[in-house]
Structures are given as structure tokens and as C-alpha cells.
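Enquirer: Take these sequences, add in the hints, and give me the full structure.
There are 2 protein chains.
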Amino acid sequence: MTPTLVTAEVDAALEALLPTGGRLAEAMRYAALAPGKRLRPFLTLETGQLLGFKARDVMRAACAVELIHAYSLVHDDLPCMDDDDLRRGRPTVHRQFDEATAVLTGDALQSLAFEVLADPLTHADGAVRADLTLCLARAAGAGGMASGQMLDLRGEGPIEAMQALKTGALIGAAVEVALIIGQVADRRREALMAYAADLGLLFQIADDILDAEGTTETLGKAAGKDSGAGKANLVTRQGVEAARRRGEDLVKSAKARLDLFGEAASSLQNAADFVLHRRS
Amino acid sequence: MTPTLVTAEVDAALEALLPTGGRLAEAMRYAALAPGKRLRPFLTLETGQLLGFKARDVMRAACAVELIHAYSLVHDDLPCMDDDDLRRGRPTVHRQFDEATAVLTGDALQSLAFEVLADPLTHADGAVRADLTLCLARAAGAGGMASGQMLDLRGEGPIEAMQALKTGALIGAAVEVALIIGQVADRRREALMAYAADLGLLFQIADDILDAEGTTETLGKAAGKDSGAGKANLVTRQGVEAARRRGEDLVKSAKARLDLFGEAASSLQNAADFVLHRRS
Chain A
1 MTPTLVTAEV DAALEALLPT GGRLAEAMRY AALAPGKRLR PFLTLETGQL LGFKARDVMR
61 AACAVELIHA YSLVHDDLPC MDDDDLRRGR PTVHRQFDEA TAVLTGDALQ SLAFEVLADP
121 LTHADGAVRA DLTLCLARAA GAGGMASGQM LDLRGEGPIE AMQALKTGAL IGAAVEVALI
181 IGQVADRRRE ALMAYAADLG LLFQIADDIL DAEGTTETLG KAAGKDSGAG KANLVTRQGV
241 EAARRRGEDL VKSAKARLDL FGEAASSLQN AADFVLHRRS
Chain B
1 MTPTLVTAEV DAALEALLPT GGRLAEAMRY AALAPGKRLR PFLTLETGQL LGFKARDVMR
61 AACAVELIHA YSLVHDDLPC MDDDDLRRGR PTVHRQFDEA TAVLTGDALQ SLAFEVLADP
121 LTHADGAVRA DLTLCLARAA GAGGMASGQM LDLRGEGPIE AMQALKTGAL IGAAVEVALI
181 IGQVADRRRE ALMAYAADLG LLFQIADDIL DAEGTTETLG KAAGKDSGAG KANLVTRQGV
241 EAARRRGEDL VKSAKARLDL FGEAASSLQN AADFVLHRRS
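Which chain is which? The protein sequence lines are A and B, in order. The first sequence begins at 1 in the working numbering and counts up by one. The second sequence begins at 1 in the working numbering and counts up by one.
Simulated from the structure, these hints should not be mistaken for lab results. Don't take every hint at face value.
If the Cβ cut is set under 10 Å, some of the chain A residues that face chain B in the computed set are [claimed, not checked]:
no., residue
1, Ala-25
2, Ala-27
3, Leu-50
4, Lys-54
5, Ile-68
6, Gly-155
7, Ile-159
8, Arg-189
Okay, the calculated beta carbon distance ranges per label pair [unchecked claim]:
no., chain 1, residue 1, chain 2, residue 2, range
9, B, Ala-242, A, Leu-86, 24 to 32 Å
10, B, Ala-242, A, Ala-161, 53 to 61 Å
11, A, Arg-90, B, Ala-16, 52 to 60 Å
12, A, Ala-256, B, Gly-21, 53 to 61 Å
13, B, Ala-16, A, Ala-256, 35 to 43 Å
14, A, Arg-90, B, Lys-252, 48 to 56 Å
Beta carbons are placed, not taken as given, at the ideal position from N, Cα and C, and that holds for glycine.
Expert: Here's what the structure looks like:
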């Protein structure tokens, strides 16, 4: 399974889950179907495959995680937050529509994520559906992503702790939803969650390197925002080379976490390289 | 059970569910624990009692509905939405904190609602927890409240259809969560859902009358906003007297829906009078 195939499959599934008709639905589709890497659904699908599941068994959970990610991008881009005009190479939702529509779009994407998870189509066992909801709600809320964004906006707390919340919590959830569907509670769970934690840190370091080195054209969003805003991160604090070394260490660590799976985990292991060396 | 008692009980339960520590938690508490009527939790608790449940059996579901309501107020008050400075007699969240904090506070309150519902403490049966999540997510999202707010902002569509989404969906969910916990699917369900639909319409008509006749002091929020903004509603279109007559008809209808329960439903029946004649 290559990332490109995953993206097409995920987009088709997202497309079918999103509402149609009216301005709110239009903005939700604009936000959630914008070209993107679909890293989080990729992680859910690959973890599912590693545990012996077909893509269709975990696809709705993968989409729910992506819907939460899409909502967070819409709200993070708002003028009162990071004030970005460009996202994924296109105008941000509040630029393409308006601010009120962007707030409601994020809100409705979040609701939809939980609507998708709680639906009997997601899993026959209600307890599994409730566990999926609990996992994603915790990752998204005040114990996860929302807190991370708050700390980031205010420049508060240790950077890695902030990033673990802002980015790491949802990346962890992308892996965990597949573990919940598989009802896996053995050392495979520990290994995969440790992998996800490494990947979350790696993702943020790569983002910081891209922010410093990328161009607006390659990124599809404004470059140099963190250094321009005087925001502290590993790159602005220790330089690109130190960040890249830390990144390489994390790639090694992430890959080693999955050694117990043998060859079957190569796709997830390669994803670590992809995350560090991506150009956007 | 008097409304005052319900409010104290609900506030104690909300207080225990809300996070502590840090600016985001502080703003979430400020928003969700602000003095309010707690009409939606009241409806959940009273419906639960009518079905033979104790308050503690439905209290977490009642709180989840109130958390969604609290999130919607925080976002509706934002400068890009209704731009309100005052809510429940106090500065709105973006006034007391700042806009970015208000966006994240609403976001995190929504996540918390689903975290509360999906937790095993809410109900022993996972399928019930998932059904509760599905019910509330549908009421909150693009098929309910968020769409209603979108239509209201843009002055689109028939007014009663907009109001049924904006206010009615969540009032319906407040009753429905108790029906889900009770796993009631007979004519009691139909009667209670019809009552909730009447009450939702009634609530909005009363709001429109208050907006036209109340003062900022009695309301705890800006008065005359709709008429000032040239917004169409039953009052601005047909006058206060016609709205009041429609309200009295709805009170009668709402009460009659519950006749099959006899005396046991008097508290819910009285709530219809309360909703029409409230002063804030």
C-alpha cells in the first residue's frame, strides 16, 4: 500500500461521509477534502493491516481522526489564532468563505468525527464504538490537542510537552483507534504506541525544519512563521543541524519500536523516513 | 424537584467533570459554570425521573448536553458571529480572556461532552454509550445546531426551520438522551419527543419576545439585537402579541403531549409555562 493509494481511498471514504447541500456542507468539504498527506488515516490503515484487518474495517475510524485534524487546521488558521491565509496551497477557509463560516465548519467537522465513530457501521460492538469515541475525544480536547494549541499560542511550558499535546496526541490516536478495533492489549500495543509517540515528535521537528527552510510555494502555507514570530522550537533554539540530528535519532527509534513485527511493519517504518524528509 | 435544586445538582456534577489547571481549563469552567437556567439538564433529569431513573443515572448525559450548549454560546458570542460582550450577566469568554482562548474553549467543551458520554461511568452498556454519542453528535453538527447557526447568521431559509435546527435539535437531544438510557421505544418516546419539539419552538419564541421587550439588565445579555440588526423572527414579523398567542398555543400543545403520563409529568408540563414566561 503506497501513500498515494491510501490518499485516494481515504478521500473517497471522507467524501461519502461529508454532508452535501448548503454553505456549511460546502465549507466542510472544502476543508476536509483539500489535498493533504492524510498521514493520520495512513497510520490507522497501516496499523490495522499490521493487526490483520482490511482497510474497510478501520476506514471509518481513520476518517474520524482525519476529520478532527481537518477541524483543528480550520480553527488554527483563524485570524485570532495563527492568522494564515494559505493552507494546502489554497486559501484558508476563513479566506475562501468568511470567519463565522470557518468557526462553524471546524465545529461541525468535530461533531461529524464523533457521529462517524459512534455509528453502528463503524463496529458491531457498541463498547468498541464507545472506546473509539473516548480515545478520540481525549486526544482532541483539554487533555490533548486543544491544550497543546493553547500552550503554543501563549508560548508556555516546555516545547516538547506542548508538541506532544498539539500534534502527538492525535497521531497517537490515529494508531490507537486501530488497536481498539483490534482489541489488542499485549506488547504489540506498547510497541505501536511507542512508535506513535516517536512519530509525533518527529513530525513536529520536521515541521519546524520546513518552517525554517521551506518556501511558501513548496509548503502550500506561509513559511518562516515561527522564526518570524520569535516562537521557540528546536530549530530556532538549536539550529537546523541539531534538529535534523534529533530527527534522525527519532527515525531510528521509531523503526526499532516495530522490530517485533518483522517485515510486515516496513510500511510504517518507512513512514518515519517520509515524515522527516517530506517537502511539505 | 425544583429548577433551583436541579441547577445546584447539575453545577456540582459539571464542576467535577471539568478539567482544572491552566488557562484553557479556567476558561472552560468560566463558560460552563456561569449562572444559567440549566434548562437542558433539567429536561434530561425530569425525563429520566418520568421513566423511573434516579438523577445519578442520567446526570452525566445531562451534563454532556449542557457542555454542548455552553460551547455553542461561547462560539456564538465571538466577534465574527453575534459579537456579544455580555452573557449571563458577565463578560463573554472572548472579552474575559481573548478570542483565541474562546475558540479553543468552545472546541474543548465539545470534545469533553463526548468524552463524558463515552466513558463507562455513563452507562454499563457500550451500545447505549455509543447511541448517546450518536444522538448528541447529530444534534450538534451539520444536521442540527451548527447548521441552524449558519442559517441564522445568513438570514437564510424559513425561520421556524432555522430555529428547529439552532435551538430545537439540542432541546430534543436533552430529552432523547434520557430515552436512550431508558431504552424506551414505545409511545412514551413519541410523546416526549413531540413535547421537546414544541418546547424548542416555544423557547425560541420566548427568546424573540425577550429580545424585543427585555432590558440588558434583566437579560444579562444585550437586548434588542435582532430588531436592531433587522433580523426576521416571529416578533419582528408579526409583533409581540401574535408571538405571545403562538406561544400560549405551544404551551397547551406541549402539555397535552404528556397527558398519558398523568400527574407524574407535571414538572415537565410546568416547564413549558416557565419557558414562555421567563424573564431572562
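Enquirer: Now, for every hint given, state plainly whether the structure supports it.
Expert: The hints, checked one at a time:
1. Ala-25: holds, 6 Å
2. Ala-27: Result: holds, 9 Å to nearest chain B Cβ.
3. Leu-50: This hint is violated: Leu-50 (chain A) lies away from chain B, its Cβ roughly 25 Å from the closest one there, beyond 10 Å.
4. Lys-54: violated, 22 Å
5. Ile-68: holds, 9 Å
6. Gly-155: Where the cut-off is 10 Å and the nearest Cβ of chain B is about 12 Å from Gly-155 (chain A), the hint is violated.
7. Ile-159: violated, 16 Å
8. Arg-189: This hint is violated: Arg-189 (chain A) lies away from chain B, its Cβ roughly 19 Å from the closest one there, beyond 10 Å.
9. B:Ala-242 with A:Leu-86: 24 to 32 Å: Violated: the Cβ-Cβ distance is about 50 Å, outside 24 to 32 Å.
10. B:Ala-242 with A:Ala-161: 53 to 61 Å: Since Ala-242 (chain B) and Ala-161 (chain A) have Cβ atoms about 58 Å apart, the given range 53 to 61 Å holds.
11. A:Arg-90 with B:Ala-16: 52 to 60 Å: With a Cβ separation near 44 Å, Arg-90 (chain A) and Ala-16 (chain B) fall outside 52 to 60 Å, so the hint is violated.
12. A:Ala-256 with B:Gly-21: 53 to 61 Å: Distance hint for Ala-256 (chain A), Gly-21 (chain B) is violated at roughly 35 Å.
13. B:Ala-16 with A:Ala-256: 35 to 43 Å: Since Ala-16 (chain B) and Ala-256 (chain A) have Cβ atoms about 42 Å apart, the given range 35 to 43 Å holds.
14. A:Arg-90 with B:Lys-252: 48 to 56 Å: holds, 53 Å
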